Amino acid sequence: MSAVIDSHQGQAHSDHHHGPAKGLMRWVLTTNHKDIGTLYLWFSFAMFLLGGSMAMVIRAELFQPGLQIVQPEFFNQMTTMHGLIMVFGAVMPAFVGLANWMIPLMIGAPDMALPRMNNFSFWLLPAAFTLLVSTLFSEGGGPNFGWTFYAPLSTTYAPESVTFFIFAVHLMGISSIMGAINVIATILNLRAPGMTLMKMPLFVWTWLITAFLLIAVMPVLAGCVTMMLMDVHFGTSFFSAAGGGDPVLFQHVFWFFGHPEVYIMILPAFGAVSSIIPAFARKPLFGYTSMVYATASIAFLSFIVWAHHMFTVGIPLTGELFFMYATMLIAVPTGVKVFNWASTMWQGSMTFETPMLFSVAFVILFTIGGFSGLMLAIAPADFQYHDTYFVVAHFHYVLVPGAIFGIFASAYYWLPKWTGHMYDETLAKLHFWMSFIGMNLAFFPMHFVGLAGMPRRIPDYNMMFANFNMVSSIGAFMFGATQLLFLFIVIKCIRGGQPAAAKPWDGAEGLEWTVPSPAPYHTFQTPPDVK
Amino acid sequence: MNESLSTRRLVTRLLLVVVAMFAFGFALVPIYEVMCQAFGINGKTAGAYGGTQAVDEQRQVRVQFLATNAAGMSWEFRPQADEVTVHPGASTQMLFVAHNPTGQPMTAQAIPSVAPSKAAAYFHKTECFCFTQQVLQPGERIEMPVRFIVDRDLPADVQHLTLAYTLFDITARKPPVAQVSR
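Those protein sequences? They're chains U and B, same order as listed.
Number 531 marks the last residue of the first sequence (this note's numbering); no jumps.
Number 182 marks the last residue of the second sequence (this note's numbering); no jumps.
In isolation and in its complexed conformation, chain U is listed as follows (with noise of 0.2 Å):
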């Protein structure tokens, strides 16, 4: 009898306390955080890769002058996909997966509010890329109207893949509002006891603000690529100008979207390395209070600025003054931002493992994009400047070492507490060393090339632009190969090395390193006590 009751109980217990699944199908079914989040990170390196191979084909055409490797029409492709795919497969999943890794550790909840929607907003992705890049094999070929798709060239002189292009984009739509909307949930429903708004750790605090900017502006882009859908298939003019539409409308729909997209891009990064930097600082950060409100107001502003993407479209002056001065505003809680990390390194106790290096990069070259953005918003020098390589320039320089290098700096800082060992620090110090010179590289002549006069998406130019590209595609080749170094490192950190305690770091802050490493699969069943 006793035995009966005995196994009845193991059995309830083994159901409170299950860990994973065993084989393939718990990848597929997983609603547990970490799970998810592995699989998103997994799956936006991967994106990452073949975007960066893309790159890759753009500089290795651009290394000389005149055509040598791919056609214009390949080159066009390459463009279009290095873009989306960077965009919407490699920097924003990249995101989503560290949210799921560690919001829930961070705010102490069990899991994200919504764990079986999380399921279905990553396994979203892979199909939609499958979509995306099958275009690539279609004949026809691929999008190849750049990664902002302005109409009419997406519509009436798109080849015929654009159908599969608009959507993929839905299904990326649905997928970054369901990931966005589960954010919410959990980070105002399933806090901690004790852990009030203004105790979030700031990764929390830009995650929870990028995602209302994801369920404001993802709905617009699906109206826009639907509009284009109409326009292509059901006969309306909406971009048309034969009809009564206007092309016009479809950069002010675009950039609606747009402006506050870059923003989903570079916030999040923002709040991993305010957490990053006092922990090797070994001070509290600088202006808690002061990085909230920045976070907010650069988001609100992020929804008026849209036009300065199209001061060359013909608006009126009182449109181009008002864009400029809204967009130089930015510079403002930006520079709250800068500020508070210098402070905060400031007299600070630093020592320079992998995650402090990328993030003080990211300080000093995110500054560097956004001082060519103040530049690129004086209305009368965009002209000049408009569709040139300084505006590839500007925004590398805030998607590379902004969004790329928060990632790195995020990946090794937290890496410890996803496998349980210690990463390679040999070893990722080079990987960050020649990811620094190599981006350094690849996009500092950029801005020589395009003040110039080199126009951007194009696979040939001017013999006087030969130096200077030689030496980006160098500089590109080096950065795309260092990537294999950091997945090696990943791997071997995986695979075994010198086990990581709790608190990996010693200045380290937050309810994630109260766990052990490697993270159990289920943590703060019963919330923990935040003071």
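Just so you know, these hints were derived from the structure itself, not from any lab.
None of these values were measured; they are calculated from a predicted model.
Check the hints yourself; a few may be wrong.
[As the list claims (entries may be wrong)] Restraint-style ranges between C-beta atoms, simulated for each label pair:
| # | chain 1 | residue 1 | chain 2 | residue 2 | range |
| --- | --- | --- | --- | --- | --- |
| 1 | U | 458 | B | 92 | 15 to 25 Å |
| 2 | B | 68 | U | 293 | 23 to 33 Å |
| 3 | U | 116 | B | 74 | 50 to 60 Å |
| 4 | B | 54 | U | 316 | 57 to 67 Å |
| 5 | B | 27 | U | 150 | 51 to 61 Å |
| 6 | B | 81 | U | 313 | 29 to 39 Å |
| 7 | U | 74 | B | 27 | 31 to 41 Å |
| 8 | B | 92 | U | 163 | 39 to 49 Å |
| 9 | U | 160 | B | 74 | 53 to 63 Å |
| 10 | U | 150 | B | 131 | 42 to 52 Å |
| 11 | B | 46 | U | 197 | 48 to 58 Å |
| 12 | B | 81 | U | 150 | 30 to 40 Å |
| 13 | U | 313 | B | 68 | 14 to 24 Å |
| 14 | U | 313 | B | 131 | 19 to 29 Å |
[Claimed, not checked] Take a look, some chain B residues computed to stay more than 12 Å from chain U by CB distance:
| # | residue |
| --- | --- |
| 15 | 6 |
| 16 | 8 |
| 17 | 53 |
| 18 | 54 |
| 19 | 58 |
| 20 | 83 |
| 21 | 95 |
| 22 | 126 |
| 23 | 143 |
| 24 | 159 |
| 25 | 176 |
Positions of the beta carbon are idealized from the N, C-alpha and C atoms, including for glycine.
Given the coordinates of chain U, work out where chain B should sit on it, guided by the hints.
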């Protein structure tokens, strides 16, 4: 269980925001239209003008005419005169000539634009072939009138303005079948 209830309400509200923003994306279309007309952005002109104005004999404005074919359009399309000088407030007519040199009946739509764009709001068309679609049989030629008034309130620094038409082939969208029997 209170917790899960509030999660449900929160998610419902967030979904409402999503639906509202999707609708807002489409609402940008009429908003843009209104903005263009209010500020004369992109030289978009308004629909038919019903009013009349007293003629300002003191002032003269040069009005130039441009006729352009959109890509793929094969009609001959030109104004009868390149330029006229008008008094603000006076109603003036200009004829545009279109000829379909192809062997097929075709439908066309002309889209007007006024430069400088700040003058667009002061350029009134009382009658225009751009308000309707034009169907031409093979080899047919027509003269299409536009009747306009330059507003008396046209800013003083605008001495001449340009009315440009771009002619689009919309045969695929509006097959000219109904008019064949005409």
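The hints, checked one at a time:
no. : hint                          : verdict
1   : 458(U) <-> 92(B): 15 to 25 Å  : 46 Å, violated
2   : 68(B) <-> 293(U): 23 to 33 Å  : 52 Å, violated
3   : 116(U) <-> 74(B): 50 to 60 Å  : 58 Å, holds
4   : 54(B) <-> 316(U): 57 to 67 Å  : 29 Å, violated
5   : 27(B) <-> 150(U): 51 to 61 Å  : 21 Å, violated
6   : 81(B) <-> 313(U): 29 to 39 Å  : 31 Å, holds
7   : 74(U) <-> 27(B): 31 to 41 Å   : 39 Å, holds
8   : 92(B) <-> 163(U): 39 to 49 Å  : 47 Å, holds
9   : 160(U) <-> 74(B): 53 to 63 Å  : 25 Å, violated
10  : 150(U) <-> 131(B): 42 to 52 Å : 29 Å, violated
11  : 46(B) <-> 197(U): 48 to 58 Å  : 50 Å, holds
12  : 81(B) <-> 150(U): 30 to 40 Å  : 36 Å, holds
13  : 313(U) <-> 68(B): 14 to 24 Å  : 19 Å, holds
14  : 313(U) <-> 131(B): 19 to 29 Å : 26 Å, holds
15  : 6                             : 6 Å, violated
16  : 8                             : 9 Å, violated
17  : 53                            : 25 Å, holds
18  : 54                            : 29 Å, holds
19  : 58                            : 28 Å, holds
20  : 83                            : 23 Å, holds
21  : 95                            : 23 Å, holds
22  : 126                           : 20 Å, holds
23  : 143                           : 22 Å, holds
24  : 159                           : 19 Å, holds
25  : 176                           : 15 Å, holds
Of the numbered hints given earlier, the model fails hints 1, 2, 4, 5, 9, 10, 15 and 16; all others are met.
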